[in-house]
Every structure is written in C-alpha cells, then in structure tokens.
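Participant: Residue numbers (the working numbering), protein chains in the order written: chain H, -10 to 241; chain P, 118 to 349; chain E, 361 to 592.
What the hints contain is simulated information worked out from the structure, not anything from laboratory work.
Please read these numbers as outputs of a predicted model, since none were measured by experiment.
Be aware that a few hints might be false.
Example chain E residues on the side facing chain H (calculated, C-beta under 7 Å, incomplete) [to be verified]:
no.: 1; residue: Val376
no.: 2; residue: Leu415
no.: 3; residue: Gly416
no.: 4; residue: Asn419
no.: 5; residue: Pro443
no.: 6; residue: Leu444
no.: 7; residue: Tyr446
no.: 8; residue: Asp448
no.: 9; residue: Leu449
no.: 10; residue: Tyr462
no.: 11; residue: Tyr518
no.: 12; residue: Leu521
no.: 13; residue: Ala525
no.: 14; residue: Met528
no.: 15; residue: Val532
no.: 16; residue: Arg534
Backbone N, C-alpha and C fix where the C-beta goes; we use that ideal spot for every residue, glycine too.
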Amino acid sequence: MDTEERSAGDRPLTIKTPAQISSAAPRPLSNFLKATLAVTWKDLAAEFRSRELFSAMLVFSLLVILIFNFALELDIKTRQSVTSGVLWVTFAFAGTLGLNRSMAVEKDRGCLDGLLLAPVDRAAIYFGKVISNLAFMLIVEAFVLPVYSFLYNVNLFKAGLLLVILLGSIGYTAVGTLLSSMAVQTRTRDVLLPILLFPVAVPVLIAAVKASGGFLTGDDFANILPWVNLLIVYDVIFIAIAFMVFDYVVEE
Amino acid sequence: MEPKPIALKVLDVISIILLGVATYLALVFAPTEAVMGQVQRVFYFHIGTAWVGLLGFLLAAGTGVAYLVTKDAKWDIIEVAAVEISLVFFLITIILGSIWARPVWNTWWTWDPRLTTAAITELIYIAYFMLREGIEDPDRRARFGAVYTLIGGVSAPITFMVIRLFRTIHPVIIGSGDPGAQGTFAMTGGMKVAFFFALFTFTVVFVDLFWNRIRMGNLAAKVEQLKLNVMQ
Amino acid sequence: MITVKKLVKRFGMKTVLRGVDFEVQPGEFVALLGPNGAGKTTFLRILASLSRPSLGQVNVAGYRLPDQAAAVRARLGVVSHLPLLYGDLTAEENLRFYGRMYGVSKIENRISEVLQMVGLENRRRDLVRTFSRGMQQRLAIGRAVLHDPDVMLFDEPYTGLDQDASSMLDDVLRSVAAQGRTVVMTSHDLARAEDLATRFDILSRGVIAASASRKELRKSNLLEFYKKALAN
C-alpha cells in the first residue's frame, strides 16, 4: 500500500483516483504472509508474557490424566489399550480451553474489530489465529507426553506418533478456530464451543486415537495408513472450507 | 392470515392415506420373515424414516451453501425446515432401529457406522439450534447457521467413513455384499411391495411436512414484520 | 471525502438507518449527534467497513463500500469506545503489531512519533493492562493515526473518561484534526462536540434530521438547534 511512504507532515488533501490504487488487484502473497505472521507473533508475545493459557491448559491436562488414572485403573494391561484414548481426550479438552480463551481475548477490548479494520485479507487473520492456537496446543502436548511417559513408563516418542499428533492437532485447531470465532459472537459463548466442536471433530479424534494406538502397539504400518490418510483428508478439507467461509463468520 | 393452499391441503390428506396404507402393508400384508419373525416388520418404516432424515440432511447442507452465496433469507427458512425434519426423522429411525436390534442383535444399541453417524448428526443438529438460540441479529443467525450446516454436512460423511473402518454388523439389505452381517435376509415379493411403498410414502410425507414447515417459517417472518410495524 | 446517498441498514426486518444522505468535505470535523438508538454507531460501523449497507451508496476516501473495502481501510483510522488494544502487550508492542497489519514503513520512528503525540512515550514499555482508561483511549488514538489515515472516525471516544482524561483527550483530538484529517465523531456530549467540530449533524430515527455549520450556529446555540431537530 502506498500509505507506507507518507508521513504526518506532508499529507495531500487530494484523493487518489481508484485507478491509482486498485483494490481489485490481488494483494501480493508477501502481505498475506506478513499479516498472518503479525497475528501469530502478537498472540505468542502476549502469551509468553502472561502464560495464562499455557498454565491453564497444562494444569488442566495433568488433572485429566490424574483423574483417568483412578477412573480407569491404569495398570499395565489396560494401559496398552487406552493410552492413545487418554492422550487424545486430554488434548481435546485442553485444546477447547485454549481455543475459547484465545478468541475471548480478541473480543475483550474490541480487538476483533481492530483486526477487521486492518487492510488485510480476513483469511490472513484466520491463519494467524490457527497457527498460534496450534502452537499453544503443540506446546502443551510437548509437556504432556514426557509427563505421561514418566508416570506410566511407556515410550511415547515415536516418529509415527508425533506425526499423528501433529496432523490431529492441525485438523482440530483448523475447525476449532473457525467455530470459536463463531462462538464468541453469541450470548452463550462460554459453553458453546465444545458443543459445536466435538460432534464435527469426531472424525479427527477417532482417526487420531486409532492411528496413535497403532503406532504405540507397533501395529503394521499398512493397518495404520488408512487412519493417517483420513487425518490428512480431514485437515485439507476443513482448512479449505474455513478459508472460504471465514469472511462470513466475521462480517456484519 | 392467508389460507392454506388447496394443493397443500390435498397433499396433507394424501400423506395420511398413504401412511395408513403403508402401515397396513408393513404390518399385515407383508409376509412374516422366517428367522426374525414379527419384529422384522419395523424395518419398512425404519428405512422410510432414515430416507427422509437423509433427504433433510442433504437439503440442509445444500441450502446452507445457497444462503451463503445468495444471502436470501428464504434459504434460511428452508434450511431450518430441513434440519428440523431431519432431526425428528433420524430420531424415529434410531428408535425403530433399536426395537429391531434388541431381539435380532440382542442389544438396544450397536456402534454401527450408520447408527452412530445418525446419532452424531443428531448432536450436530442440536448444536445447530443452540448456536442459533444464542444470536439476536437474524442475519448473523442465518449466516452462522449456514456455515455450521455446511461444516456438519461435510464432517458427517467423513464420520461415517471413519466408523466404517471398524467392522460393521449392520445388515446391508439391497445389493448386499457382506455375508457375515447378522440379520440379513432376502426380500420376497410381498416384502418388496411393502418396502418400496413405504419408501414412496415417506417421500410424500417429507414433501408435505417440508412444505408445511416452510409455510410456517414464512408466516413467522410475517408476524415478526407486523410486530415491528406496530412498534414503530 | 465521504459521500453517503440513501443509505439503508436493516438488521433482519428491523430498519435502523432509513435513507441517510451525508457528505463530508476534506478537512471537516463533523459531530454526529443524536439520542441513543438513533443509529449513530451503526452508521459509523458502515463508514468503517465493519458493517455492510443494505441499500444505498457509500463512498469513503474515494472508494466504494463494501466492494473496495481494503482500499478504504488503508485510509481510515477508527477509535471506538473500546480501545481495540491487547492488555498483555506493551504500548509499543501494540503499535508495532498494528503497524505490521497496515504495512507501515519505518515502524520504529513512527511509533516514537505517535507515542509522543499522545503523551505516552514514558510508558511505552508498560503493559496496556496497567493503563488507566484515559491512557488506553489516548493510545487507541495513537493506534488509529499510526498509518496516517485521511479519514478518522470516533465513536463516543469520551465514554468512561473522567474530567482530566477528557480534557487531555480533547488536546489529542485537536492535534489530530489540525493535521488536516477529515473527522467524523459521534457523541451525546453536546458541550464537547461544540468545542471541537466544524459542523453538526443530527441523526434521529434513522435519518439526518438537521445539519448546520459552526458559522450558521452562531445565532442560536447548539442545544437549541439539537432540540429543534429532534422535535421535528
């Protein structure tokens, strides 16, 4: 944009004709990326300072694992079969907590309007939020995995499992970010997100649990592959849908 | 208030008569299935209602897209009608399915792909109505509703595929390929009559309910408008 | 600089703006006055490209809304009664973030310039959360002028400010207007508007009921003019 070159001193009162700056022309990709990264950077900078989200998500995750331990009597035999389920329920719950908070921050001081007023593609705002939400979720997972390994003496650091966690988290945050930006604009915003998110996130959660379980029990890769493929399909489809409909969610 | 269109009144009557005939065909006319016995008769309405639920589901996702493209409020009314009808009929399907499943599979509920997908779709519908409930501005309510039906419309088939990756015990009646499924049976002539008649009947019932529900939505919109006129 | 013709805005079936005609010349400072619920905020949100007009033409800084919204946004600074700032970022981090979003070049120089203008250079490394309401509002104005916009919109900027903070905000607003920007401000505080604006438009029941420049108002005072406009 040509505003870059002007400063407060020499402002022309004449209006540039639309021919000079065409809004119809597609904005260059670099601007899109810059805006996306600006949003992500802003979220991460605020979070690293307050650590509100991390601490809430992390403590919550540990509590969930603790409760599961007694609810399911996680002895060696059951552990084999339920570890992937326990992990994904923990991630999903903690993820909802993070998604809710991350969007509530935008609504608090009217910041969502501030973002929408910027001359950037709205999809850039969406992707910026997705990346920061994904980062929050991955960081929490990076804490939970070693703790779980330590508590139950299972090795969770297998390349396949880490890949599944990445793919599952991408799909979950892609849909979750879209739905949380809808949820914060409703009267019932505090309770609505999980109700909206869980029924449509069923495919990611099931596929992720199955694939993780497969990698943990050392199943044949051929048996795990369909689940991994499903995760990839889900991620691609829902990122594309969110990209197309995000405008409708934030416009008035 | 405008009177109900004659065609709609006629369709109401036809629907009721067809339902009566279909009931007769299913409960009396069709021969009793040899293995499962009388309970198999539930099957005709089970498929009929499932078919209506599916029609409503497809229409809802389609009208969601239509609303987002055109921003025409009529699509919102149609979408709500489709979701409501689909919600009710999937519920009936699930209940009828359970009645069948109890003696045949020896359980009320199985985590079969179709059954589970229908149940999750019901949850999506409930979430849809809770979402709409929380929004005052009618335009935003319509937009969010459309976005959510679109998301639900895409995720439900994926859910179905995911659950089908587990082994299924649900019988595939027409074009059956899975010999291992329990409760499978071959349809005889009388059964086919009852089956296809039920399918036809429920399609007519669907059109009738859909028409009535859209008319109701339009009337509700008109009432809203009149209220506003009085207030101003 | 701003041309609005026959603007209509509906929320569902409720009509908030019913044919607003509004014109602002470059360099004017227009105070948009009116009772609560007259549609001031809605009107400003449409000018700000945050809300779409239902009918009518809206031109801001030479571009049509809503289809050339991106071009309008690049030339527009908005201050609302909410600060649009992040509490967990410092003053300069907030400005740096918005600077990136607007593609401002030589960001660091511009941040210092703006902070000096709103009198917050000694608080630049403090979290916005720790700021008083008045300081937040001044920083909000800094945020709005960061990309050197041609047109500024103020929506009730004095909401929730005490006497001292208000008079400080007065100074900042004056200096913003003195830089040759075109300003539209909504307010229900007639005294403040009278001090600052060069023209006064009264919005009532969804239309501009009256408009007068500062010169025309010499004979009668603003309060009389306002009451007369609402009585019609």
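Participant: Provide an ascending list of the numbers of those earlier hints which the structure does not satisfy.
Facilitator: 1, 2, 3, 4, 11, 12, 13, 14, 15 and 16
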